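Asks: Please arrange chain B on chain A, whose structure you already have, making use of the hints.
There are 2 protein chains.
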Amino acid sequence: MTTQYGTRPTMKDVAARARVGLKTVSRVVNDEPGVTPATADRVRSAITELGFRRNDSARMLRKGRTASVGLLLEDIGDPFYSVLSRAVEAVARFHGSLLFTGSSAEHPQRERELAMAFCARRVDGLVIVPAGDDHRYLLPELAAGTAAVFVDRPAEQIEADAVLSDSAGGAREGTEHLIRHGHRRIGFVGDQPQIHTAAERLRGYREAMAAAGLPVDPDQVAMGPTDPATVAAALERLTSGPHPVTALLTGNNRITLEVLRRLPALPYRPALVGFDDLELAELLVPGLTVVAQDPAGLGRTAADLLFRRLDGDTTPPRTVRLPTRLIPRGSGETVAPG
Amino acid sequence: MTTQYGTRPTMKDVAARARVGLKTVSRVVNDEPGVTPATADRVRSAITELGFRRNDSARMLRKGRTASVGLLLEDIGDPFYSVLSRAVEAVARFHGSLLFTGSSAEHPQRERELAMAFCARRVDGLVIVPAGDDHRYLLPELAAGTAAVFVDRPAEQIEADAVLSDSAGGAREGTEHLIRHGHRRIGFVGDQPQIHTAAERLRGYREAMAAAGLPVDPDQVAMGPTDPATVAAALERLTSGPHPVTALLTGNNRITLEVLRRLPALPYRPALVGFDDLELAELLVPGLTVVAQDPAGLGRTAADLLFRRLDGDTTPPRTVRLPTRLIPRGSGETVAPG
Numbered sequence: 001m002t003t004q005y006g007t008r009p010t011m012k013d014v015a016a017r018a019r020v021g022l023k024t025v026s027r028v029v030n031d032e033p034g035v036t037p038a039t040a041d042r043v044r045s046a047i048t049e050l051g052f053r054r055n056d057s058a059r060m061l062r063k064g065r066t067a068s069v070g071l072l073l074e075d076i077g078d079p080f081y082s083v084l085s086r087a088v089e090a091v092a093r094f095h096g097s098l099l100f101t102g103s104s105a106e107h108p109q110r111e112r113e114l115a116m117a118f119c120a121r122r123v124d125g126l127v128i129v130p131a132g133d134d135h136r137y138l139l140p141e142l143a144a145g146t147a148a149v150f151v152d153r154p155a156e157q158i159e160a161d162a163v164l165s166d167s168a169g170g171a172r173e174g175t176e177h178l179i180r181h182g183h184r185r186i187g188f189v190g191d192q193p194q195i196h197t198a199a200e201r202l203r204g205y206r207e208a209m210a211a212a213g214l215p216v217d218p219d220q221v222a223m224g225p226t227d228p229a230t231v232a233a234a235l236e237r238l239t240s241g242p243h244p245v246t247a248l249l250t251g252n253n254r255i256t257l258e259v260l261r262r263l264p265a266l267p268y269r270p271a272l273v274g275f276d277d278l279e280l281a282e283l284l285v286p287g288l289t290v291v292a293q294d295p296a297g298l299g300r301t302a303a304d305l306l307f308r309r310l311d312g313d314t315t316p317p318r319t320v321r322l323p324t325r326l327i328p329r330g331s332g333e334t335v336a337p338g
Numbered sequence: 001m002t003t004q005y006g007t008r009p010t011m012k013d014v015a016a017r018a019r020v021g022l023k024t025v026s027r028v029v030n031d032e033p034g035v036t037p038a039t040a041d042r043v044r045s046a047i048t049e050l051g052f053r054r055n056d057s058a059r060m061l062r063k064g065r066t067a068s069v070g071l072l073l074e075d076i077g078d079p080f081y082s083v084l085s086r087a088v089e090a091v092a093r094f095h096g097s098l099l100f101t102g103s104s105a106e107h108p109q110r111e112r113e114l115a116m117a118f119c120a121r122r123v124d125g126l127v128i129v130p131a132g133d134d135h136r137y138l139l140p141e142l143a144a145g146t147a148a149v150f151v152d153r154p155a156e157q158i159e160a161d162a163v164l165s166d167s168a169g170g171a172r173e174g175t176e177h178l179i180r181h182g183h184r185r186i187g188f189v190g191d192q193p194q195i196h197t198a199a200e201r202l203r204g205y206r207e208a209m210a211a212a213g214l215p216v217d218p219d220q221v222a223m224g225p226t227d228p229a230t231v232a233a234a235l236e237r238l239t240s241g242p243h244p245v246t247a248l249l250t251g252n253n254r255i256t257l258e259v260l261r262r263l264p265a266l267p268y269r270p271a272l273v274g275f276d277d278l279e280l281a282e283l284l285v286p287g288l289t290v291v292a293q294d295p296a297g298l299g300r301t302a303a304d305l306l307f308r309r310l311d312g313d314t315t316p317p318r319t320v321r322l323p324t325r326l327i328p329r330g331s332g333e334t335v336a337p338g
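Sequence order for the protein chains is A and B. Per the UniProt record's numbering, the very first residue in the first sequence carries number 1; after that it's consecutive. Per the UniProt record's numbering, the very first residue in the second sequence carries number 1; after that it's consecutive.
Isolated chain A, as found in the complex:
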């Protein structure tokens, strides 16, 4: 990874920019205690601004590392995963590591092929948004020393680190928000139920409805692929018939987008809370109320955990859950009719 061109920012430069001592920079870089959060933030900002990287090459080689990691996503073209990727790339870069990327397109077989192809290139570790429901195929690789952190969705059938959004909690909060605005008949349009995040969000929705004593009829829920035709059919079903919903919780950015495109054609406008934030969401009229995830935080936390493992952390696998955030902007605050 080392090249001969130009001059590299040093730890000294970072210390000067952040107005701290060298030792403080070293502590932040090596994730050691004894630095206040505010100071650590300042050091990290200086690191980003200067483009500082640890020179890990010598250490890497000593450990038999290739200084590369594989990032396996559902779809690099999806804004959620592209922001997650940017964060993983930034952490990898900081550690002097290159990044392989690949998209599974929600096919377990493709996930497995890509993961094995990355391993065949002897990546030091994998950050995986899994598509499959059985990750035992990774066991020989993990035993051989490859690190793996799952992100967005957990590993199945093996014990592994995972960094997840609080999907159930977020969906619960979004549903409670609609209930607070007087809605009783609230619909949920989610992704395919075998996807972990989709199932968790459905669970959160059901829990909030149950806690409020509200029944959930089968015709209030639609789970399926997120292509335009399927979402349109779901929306049609939930908003017609004798008991149309007065409000909707949509399960991810792709579903929300399709619902937004179809709203003008509906005979009435249900209140809407979308899971995942969208660019321009605040510029719509009404603004789009969302349960926002933190895709950059997911990517950063997963990559940090991966490099901690590569640095020798052998504590048991852990699951980190990042909170979601409800952002009211108008579409979810319409009061229910009647």
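Hint data in this document are derived by calculation from the structure and do not stem from the laboratory. As the structure is a prediction and not an experimental result, all values here were calculated from the model. Do not rely on the hints blindly, as some may be mistaken.
[As the list claims (entries may be wrong)] What follows is a set of in silico ranges between Cβ atoms, one per label pair, in the way DEER data are often shown:
(1) L266/B to R318/A: 45 to 55 Å
(2) A211/B to E279/A: 49 to 59 Å
(3) P228/B to P215/A: 42 to 52 Å
(4) M11/A to Q192/B: 23 to 33 Å
(5) P37/B to Q192/A: 30 to 40 Å
(6) A210/A to G224/B: 51 to 61 Å
Here a beta-carbon is modelled for each residue, glycine too, at the ideal position from N, C-alpha and C.
Replies: Frame of chain A, contents of chain B only:
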């Protein structure tokens, strides 16, 4: 890249799905003539749906290949580049090749480091969105047989393949559109002038203004970084003073986004044409008129060209220019006051 799991779709499966003969599939796969565009489209759809890939491994190894390519972007987190990446990944996958990705963040030094790091991993080829203005550092790699295709912006100081949008033509068309709606004082807010696409779009804007006999005062043009503060200052400058603009052409998706966020705070609403399409653009009120590029087409064409080079195409370097498309949606069709 080959793994032992599951069954792979074959050329036969593709032929059956597309309802054509094996020979036709082979022609499409090998880019040979004699297939109508409609049939070729059907074959390509079947290839995508089935996830068919050529088995290039044996051929690759024979040629001393590593079956990996490096993709160097400005920012993987930008929706424009994430869609471009998805297209490059699909072509690479089709050829059985893995993808390294990295973001230069518009730093020439980082571009160079990443490109050299990819080359040190012996990638077969590079697809590069360049940040720098001197690519002679690549000459030894190119001489050693590494292929390189530039995309979005051309190579500088070396002869190399490039796949570009018609930035000047697109900006000309967007400006003419505003002129046709009666605007005479039209502003242009662009990215930093040393960026090729920014300079080309400024040129197209100036050409359209000159062709219509309209003067361009210095205070109608703002070129600079695309961070919120800089764009806000530019917008403030162009819309205040004795001769505020009545219409705006914005130079890329990030600038358009910032301008949209600031519009509500302006004393009046200038007509707006944005370069690059945005998700949700048609759902804004008024809808956002854009000059749309084809990021998927850029990525696909660049990657196709790269693999053609790897397949032995030794014709001189070429520049492919993809057309842009004006999409009127409301914001650019406001008639000028007076």
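Asks: Each hint should be assessed against the structure and marked as holding or not.
Replies: Here is how each hint holds up against the structure:
no., hint, verdict
1, L266/B to R318/A: 45 to 55 Å, "holds (49 Å)"
2, A211/B to E279/A: 49 to 59 Å, "violated (34 Å)"
3, P228/B to P215/A: 42 to 52 Å, "holds (46 Å)"
4, M11/A to Q192/B: 23 to 33 Å, "holds (30 Å)"
5, P37/B to Q192/A: 30 to 40 Å, "holds (34 Å)"
6, A210/A to G224/B: 51 to 61 Å, "holds (54 Å)"
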